[in-house]
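Residue numbers (the working numbering), protein chains in the order written: chain A, 48 to 716; chain B, 162 to 649.
Fair warning: there could be bad hints in the mix.
Claimed, not checked - Under the rule of at most 20 Å between Cα atoms (straight-line distance), these lysine to aspartate or glutamate pairs were calculated in the EDC-like manner:
id, chain 1, residue 1, chain 2, residue 2
1, A, Lys73, B, Glu606
2, A, Lys636, A, Asp355
3, B, Lys601, A, Asp413
4, A, Lys636, A, Glu499
5, A, Lys493, A, Glu579
6, B, Lys190, B, Asp314
What the hints contain is simulated information worked out from the structure, not anything from laboratory work.
For reference, the chains in residue letters:
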Amino acid sequence: MSVTTLGWLVLLTPLAGSVLIGLTFKALPQRVHGALGTAAIGLAFVFAVLMFFGLQDRGEEERQLVSVAWDYANTVGVDAQLAILIDPLSVLMCLVVTGVSTLIHLYSFSYMGGDRGYTRFFAYLNFFVFSMLLLVLAANFFLLIVGWAFVGAASYMLISFWYRRTTATAAGIKAFVINVAGDVGLVLGAYFIFQGTNSLDFLTSFERVGEAFTENQTELVAGCILLLVGAFAKSAQVPFHTWLPDAMEGPTPVSSLIHAATMVTAGVYLIARLHPLFEHAPDAAMVGSIIGCATLLIAATIGLVVTDLKRVIAYSTMSQIGYMIMAVSSAVYAAGMFHLMTHAFFKALLFMAAGSVISAMGGNQDLDRMSGFRKVMPFTFACMVIGGLALSGIPPFSGFFSKDEILAYMIDRGGVYLVMAILGYVGALMTAFYTFRMIFRAFFGKMSPEAEELSHGHLYHAPEPTNPANGEVEDTEVGFPGPEHHIAERAGGMKIAMGGLAVLAIVGGFVQIPGVTSALHDFLHPTFHDSELFEEIHPSHTAEWIGLAIGALIGAAGIFAAWTIYGKGGNAASFQARLKPVHTFFVNKWFFDEAIDFLIVRPAAWMGRFANSTFERLFVNGALVGGSSGAIRALSAAVRSIQSGYLRYYAALLLIGFSGLGAYFLISA
Amino acid sequence: MTIHLSILVFFPALMGLVSAFSPRSLAPKILLVGTLIPLAYTIYMITDFDAGAGLQYVTDDAWITELGIRYKLGIDGLNLWLIALTCVVAFASAVWLSVRTPERAGLFCFHFALGQTAVLGAFVAQDLALFVLFFDLMLVPFYFIVGQWGSGDRAAAALKMVIYTLVGSLLMLAAAVATAVLSNPGGELSFVLTDLQANLLSESQQKWLFVAFALAFLIKMPAFPFQGWMPDAYRSMPLPALAFFSGVVSKVAAYGFLKLVLPLFPAATNDWNVILLILAVISILYGSIQAFTQTNARLILGYSSIAQLGFITLGIFAIDASGQGAQGALLQSINHGLVVAPLFFVVALLAERAEGSEDIRDYGGIAFRAPVLAALFLIVALATLAMPGSANFAGEFLILLGAFSSVQALAFLASIGVILASVYALRMYIRSMHNRVGPKVTSFEMTLRDGLVLVPLVLAIIAFALYPQLALDAGEATVRSTVEAVLR
């Protein structure tokens with residue numbers, strides 16, 4: 048099979064799975080749908096692997112292939128086609144997406160077991176994978192935007208999966224609307240590029256960008272910044288991030304797949320994909336670096352104080368994507384993509400472990416109530432620690448190699464990038480701290496009642512589950528985890544998936560060890576062959592190792608700090624009291640939600656009310672209609688008096704009008 | 162010279178006439194036949210259409226020789242797909258009427274069929290007087306449908322609608338006569354569009370005639386600030402008729418701009434287009450903001466239509482060098498009709514599940530026992546908000562691109578409307594399908610017969626989403642020449 052055929056197969060298998068599950072939702076039993084969904088993604092992964100080998104068989108210059116299915120909107124100078132681009136970057140993304148998705152489908156096969164919406168879940172999840180693959184395989188702006196919006200829609204459907212929870216539907220629409228704002232940014236950005244290059248096709252517009260725009264030309268910078276808006280919205284970067292913590296309303300496998308491993312990294316992919324544009328507009332790229340750096344710090348500070356288990360990991364995701372955005376915007380492409388890959392492994396693992404704890408807690412996610420799960424859930428504990436060490440950048444776990452490689456490259460680029468790298472190390476300290484704060488609180492200490500119950504061999508069930516956010520009684524009819532839902536870490540599917548990811552989280556970093564191998568960098572070379580910076584920024588191995596060592600020390604320091612405060616004998620409360628103002632500021636998440644509410648949501652709602660109650664009533668119905676309807680009333684009274692119906696009145700008017708005006712013009716002619 | 166277009170146009174009315182005298186159970190079936198034949202015709206014409214050959218299937222007969230009015234019909238790239246849209250939506254409404262037969266079904270079907278004939282006539286007319294005649298004829302059946310079958314204060318609603326549109330119609334009538342007379346002083350009087358186009362008026366004459374035509378079309382759409390008749394009429398009109406009215410009748414106005422105003426008044430278009438563009442952008446923003454504050458499901462759709470028609474107007478008057486705006490507007494006219502019609506049917510189905518209420522505050526949690534309905538509704542709702550991947554997005558993309566290259570600032574403003582669309586469309590979906598079960602809701606799955614109406618429309622939306630190119634090819638040449646004529 049040719050590489051392009053394989054590319055289409057990778058794309059279409061998950062779609063076929065989704066459609067098949069959707070159409071047979073009544074005909075087949077639930078478990079079959081779970082198996083079908085998992086098998087479809089597994090098959091897509093096999094195709095992706097074959098595609099990888101097919102691509103590697105080709106010469107270095109022939110590793111960028113475009114395959115066109117049909118013209119989509121090829122008209123009046125616009126060249127939108129249904130076309131995919133297969134090159135090392137998209138193949139890497141396909142491998143990560145399908146690989147991690149397969150494991151998460153396997154996990155969901157067990158985890159969602161007792162859920163009434165099981166079939167719907169797999170249909171959505173397969174659709175999500177299709178959308179994500181469409182996004183990464185798209186060969187032009189148009190199709191990219193389609194994939195971009197599809198993942199947004201899939202994310203919306205899965206956030207609102209338990210749709211009787213008003214908190215879930217509210218989180219869903221919030222995520223969707225912010226993402227649509229990002230889509231609009233992408234569209235407008237694409238217009239700027241199109242205006243100069245006259246093509247929506249990636250490779251064509253990359254070729255032309257040098258002639259079409261001078262370096263840092265205003266139009267190009269504006270276009271790239273608008274594209275960045277799309278990237279920020281999807282990747283939860285400041286100030287478009289507020290939807291991501293709320294998105295934790297979705298089932299845990301969704302958080303793991305969409306809101307950690309794959310979708311939220313789309314912005315990173317976008318910048319890497321469009322690197323020729325950003326390298327030609329360094330001012331715009333600088334915006335990306337700065338926002339990425341700001342996000343990694345802001346998210347880490349919030350992560351320090353959040354008490355919801357999944358939200359800690361969500362803020363950590365935001366922060367880690369901040370590193371990646373900062374990296375690819377600073378032309379540190381290979382390291383950025385490397386971190387994207389390892390992050391997918393260990394962050395998906397962390398979410399899965401969290402899901403296991405949450406199910407043991409009867410659906411409760413509050414860290415304040417968790418403790419002592421270490422002994423009763425040893426497997427989950429091990430996974431959480433592996434994920435946590437990888438996230439904190441402790442050798443030889445995967446995050447150690449990838450995150451610190453980013454920072455080493457940033458230092459090598461020097462100048463302002465050096466400052467950002469130092470801030471990155473500050474972020475790394477906080478990362479290690481909040482990660483192990485979470486682990487120490489949930490797994491160490493005295494056993495909570497739920498852990499106690501688990502040690503007796505059965506699971507805790509809330510007598511009447513309520514939504515902690517608003518006190519609403521949970522509606523288990525649509526499948527909010529009911530009594531039969533909880534399986535803790537016992538199920539085989541979950542164990543295989545978590546085990547697989549744990550192994551990847553440990554060894555995933557070995558593809559790129561300074562002085563030993565640079566497999567990923569070499570693999571990606573054909574995509575970045577046109578980038579001077581790709582080769583130019585290259586610290587010496589010694590410098591890289593020094594960077595790695597600093598990173599490891601900082602990670603260890605963070606873990607030690609977490610131990611002294613939250614571990615044995617620590618006194619978290621007095622520490623918190625001493626830093627009260629800062630703590631309040633962080634707990635309120637830097638007041639971003641409030642600011643957006645005040646600046647955008649309320650004015651819009653106010654305008655709507657004004658338009659409806661005042662404008663429409665007074666102006667449209669009052670002045671415009673009032674005047675004319677007054678005249679009509681008088682007229683119709685006159686018409687009624689000669690016993691005429693409305694039709695005759697209408698016909699008469701028509702006739703008089705027609706003949707009168709007709710006569711006038713005919714006479715004058 | 163062929164008779165095909167005459168059959169296409171008048172067959173519905175003929176069947177309507179037959180159904181008027183048929184028993185209640187039979188009338189909708191006759192209407193169904195009356196809509197099916199034109200549908201078959203358009204499908205054939207789409208396969209047969211030659212995008213490069215200009216006007217096709219021309220019927221050209223003398224009619225009122227003294228006044229230079231000819232019975233001239235024809236198909237070109239502009240109207241082909243709009244005719245298809247008309248036939249598809251009319252057919253869906255006819256199926257709906259067969260499933261849920263109204264009181265005095267014979268008369269209802271007659272009015273409905275007359276409406277279809279009028280719309281088809283307006284689309285195929287190649288003579289200005291003929292267009293005006295059909296355009297005015299559209300009003301009559303819907304006036305009766307609102308007046309006799311409407312709900313609430315139907316008399317007032319019907320009157321308001323008639324008054325508003327009549328003002329526009331009469332202005333247009335006068336302007337049409339004036340155009341013909343002025344364009345050919347001394348010579349043979351002719352209303353045929355190609356003749357009028359060959360003898361364009363002076364700029365000052367075009368200027369005021371443009372205003373008359375534009376007013377008529379803006380009222381019909383409706384566009385801001387001429388929407389005063391819309392809320393009452395939408396609240397009152399029976400839903401199967403409203404689906405056709407909102408989906409198709411408003412498109413005659415958009416078509417009128419492309420077919421009549423731009424070619425006949427190119428100089429005036431250049432003078433006035435800034436005003437039209439500003440009205441378009443206000444329509445987009447105002448309609449969207451209204452749509453997410455309304456609680457009546459029909460009005461949400463009504464105001465969303467104002468916003469969508471605003472996009473279409475924006476595209477038409479963008480007048481960018483390659484005609485992207487106008488091309489997008491043409492595509493979007495088809496798309497909007499195709500999504501808004503099923504939404505009205507969905508509203509009818511929702512009302513059946515909430516004791517007849519059309520207030521979304523009474524809805525909630527309907528998805529649980531109606532997953533198929535929920536899925537179909539979701540697809541249509543996403544298409545309505547111009548989700549990328551839908552043909553609506555292709556349309557909006559072209560419209561905004563056109564506006565972007567000619568009036569960049571307005572394109573930015575209009576794109577706010579894209580974000581707002583996601584708010585009102587999802588708000589309506591979530592409030593009805595999701596959240597806690599509403600106070601009046603007893604949910605149940607849609608029946609197979611309801612599926613006969615909704616599923617084909619949704620399939621059409623999906624098919625169009627996969628391959629909008631088909632419609633784009635048909636229109637490209639005509640759209641380009643129209644816009645180029647204005648730019649010259």
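Hint-by-hint comparison with the structure:
{"no.": "1", "hint": "A:Lys73 / B:Glu606", "verdict": "13 Å, holds"}
{"no.": "2", "hint": "A:Lys636 / A:Asp355", "verdict": "13 Å, holds"}
{"no.": "3", "hint": "B:Lys601 / A:Asp413", "verdict": "36 Å, violated"}
{"no.": "4", "hint": "A:Lys636 / A:Glu499", "verdict": "33 Å, violated"}
{"no.": "5", "hint": "A:Lys493 / A:Glu579", "verdict": "56 Å, violated"}
{"no.": "6", "hint": "B:Lys190 / B:Asp314", "verdict": "30 Å, violated"}
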